[in-house]
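Take the sequence shown: its letters are residues -32 to -1, 1 to 527, numbered as in mature numbering (1 follows the signal peptide of the UniProt record, and there is no 0).
Among these hints, one or two may not hold up.
[To be verified] Computed Cβ-Cβ distance ranges for the label pairs, DEER-style: (1) V526 - P304: 44 to 50 Å; (2) T89 - P127: 24 to 30 Å; (3) P304 - L262: 57 to 63 Å; (4) A177 - E255: 19 to 25 Å; (5) L258 - T171: 15 to 21 Å; (6) R459 - A108: 32 to 38 Å; (7) N62 - R228: 51 to 57 Å; (8) G111 - R228: 48 to 54 Å; (9) G196 - A412: 40 to 46 Å; (10) T171 - A412: 46 to 52 Å; (11) R41 - A161: 34 to 40 Å.
[Stated by the list, open to error] Below, a list of computed lysine-lysine pairs in the DSS-like style, where the Cα atoms sit at most 25 Å apart: (12) K152 - K106; (13) K106 - K119; (14) K194 - K152.
Hint data in this document are derived by calculation from the structure and do not stem from the laboratory. Ideal Cβ placement from N, Cα and C applies to all residues, glycine included.
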Amino acid sequence: MSPESARLSRRLLLGSAAAAPAAGLLTAPAHAAPTTKSRRDLSTQLLDEWAAAPGAHPLIPDISHAGYRGGERPRRPRTVADVVDFGARPNSPNDAAAAFTAAVRYAGERGGGTVVVPAGTYRLDSPLWIHWSNVVLKGAGRGRTILHFTKPLEESYRPNLQPSLQSRWSWTGGQIWVMPAERKAQSEAEDYATSEGWLLGETLADVGAASRGQRTLLVNTTANLKAGDLVVLETDNPADAGVLRHLAGDIPGLPSYDWRTRAPQLTTGSGGQYVQYASLQWPVRIEAVLGERLVRLAQPLRYDLRPSWPSRLREIGPTVHDVGIESLTIRNELRPMTIHNRHPGANGLCFQAVHDCWADDVRVENCDLGFGFTTTKAITLTNVVVGGRSAHHSFACRMQAHDNLVDGFEIEPFTVALPSGALHHGLNLEGLSAGNVWRRGKMAEGTFDTHRAMPFENARTDITLVNNGRVGGSAASGPLFGARIAHWNVRITSGSPYAIHLTDVAPRSITVGLQGLTSTASGLPRDFQGDLENATYLPDARPAVPDLYAAQRLSCGVA
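Sequences are here, hints too, so could you generate the full structure?
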């Protein structure tokens, strides 16, 4: 247990009489039924405990900084182009992809601006890449502006097969793809088979030891740092798996877990590690430079920094920011869905190696992947919908994608059911991703898909779902859950606890206010033995704190 966790536990156990019910929060079994009065109050008490040390609570993640620029509203630039002026014609049988690309390029090469897409249906025979910052593509409303993509990525761009013949387009890539040109070129040079994330630049400073929840860091120099910089905190992942054990909450059962054989993709020295997991890479903004040796971060550390895990601040490298996609539908040509992981890339919107972007009022139809985050920071999706025929991933958040927010979303009933041999996942989290939030959602399809490779410190809150999807993830990717996964105020209409209830599977995690369940078994395989040190509160009750994200932000003084 970290020092912060120990202090929190001690305060909970030895606090004032007014806080006495909270003592039981950490000591009572997960199945204990609180009194009626305490059931009304427990979520508020938990929030108070979190607020006493944001970023250091033993069970509750700090999600208060999720979203565009830490939760701000996007700044929309002035209109500089209309796709019609570049040759696009609504409701025409002709391919408009070149016109869209020219309009986006025109805006991007002039420093950015809004590109207007008038009402109508536009045919596009190839994907639309956005390689420039400060560009907004804005339609007339998702019911009025339709971008009809006639071919999947496999046909319109290129195949992308693993040696197993599984298609990588099953989980990444988009018909609209926001991605720096340098990252695209590197991926093509590597045949999309090696790295997917940031192309990190120079080391700016080495970082000393620090504790989770801390914001002030000791560095060897601040000469290359200034307030407002977005840098990447990179932490080595040594072969002893100490970092991985820490991200799993340092629970008692971890010594018996064989990382090299059960999680080779995560584990240094296993012979099967993915290159993007050789280090933790967390983009974070410098809030202040405090003299020659100290900097203050804009948000608390998510994990300890220890001498045996060398850490440094690095340039983020080529990237794209402040791109918005608004008020339109991405419609794929309706084709039969393929069997699992053989999907050709009838995808929606993908953000990759970018930060501080957004989408609003966007619908994706007939997709393999709806909305994708691949190595991103601070992306906000608002009022987004996945509909049409059955999907593989409605949402995918992967490869160290951090602090993204999906706010107000819906997965509609599929108009064409899943075929035999296919799976739909739902709200995907994987690949050491942290700080991500889904809130205010309705899911007629899918589940809470925590997809291995140990995502940690994420939340799904104020969501209603049927709960009919399936959890996935490669067996070589290791544990399903890292520490501090929160499922908070979730309403299940089918009664199924599958992948929603965490008591028997997730380390150092919390469920609050799961309503409608008929049992408590997650139905997922257990990775770690012994006490998982997690907790479940307010079963079958609506918590007084209905939205963890909103409550944390209010507690921090931001709306």
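Exercise. Is 34 to 40 Å a correct range for the gap between the Cβ atoms of R41 and A161?
Worked result: holds (39 Å)
Exercise. Lying within 15 to 21 Å: is that true of the beta-carbon distance L258 to T171?
Worked result: holds (20 Å)
Exercise. R459 and A108, beta-carbon distance inside 32 to 38 Å?
Worked result: For R459 and A108 the Cβ distance comes to about 34 Å; the hint holds.
Exercise. Taking only the CA atoms, is the gap from K194 to K152 under or equal to 25 Å?
Worked result: Status violated; Cα separation ~29 Å.
For this session: Below or equal to 25 Å on CA atoms is what counts here, so check K106 against K119.
Result: holds (22 Å)
For this session: With 24 to 30 Å as the target window, see if T89 and P127 comply at their CB atoms.
Result: holds (28 Å)
Exercise. N62 and R228, beta-carbon distance inside 51 to 57 Å?
Worked result: holds (55 Å)
Exercise. Given a hinted range of 57 to 63 Å, is it respected by the beta-carbon distance of P304 and L262?
Worked result: Hint holds: Cβ distance 59 Å, inside 57 to 63 Å.
Problem set entry | Distance restraint evaluation - V526, P304, Cβ atoms, bounds 44 to 50 Å | At 46 Å between Cβs, range holds.
Problem set entry | Pair hint K152 and K106, alpha-carbon separation not exceeding 25 Å | holds (24 Å)
For this session: Could you see if the CB distance from T171 to A412 stays within 46 to 52 Å?
Result: holds (48 Å)
Problem set entry | Outcome for the supplied range 19 to 25 Å, where the beta carbon pair is A177 and E255 | The hinted range 19 to 25 Å holds for A177 and E255, with Cβ atoms some 20 Å apart.
The structure shown violates just one earlier hint, number 14.
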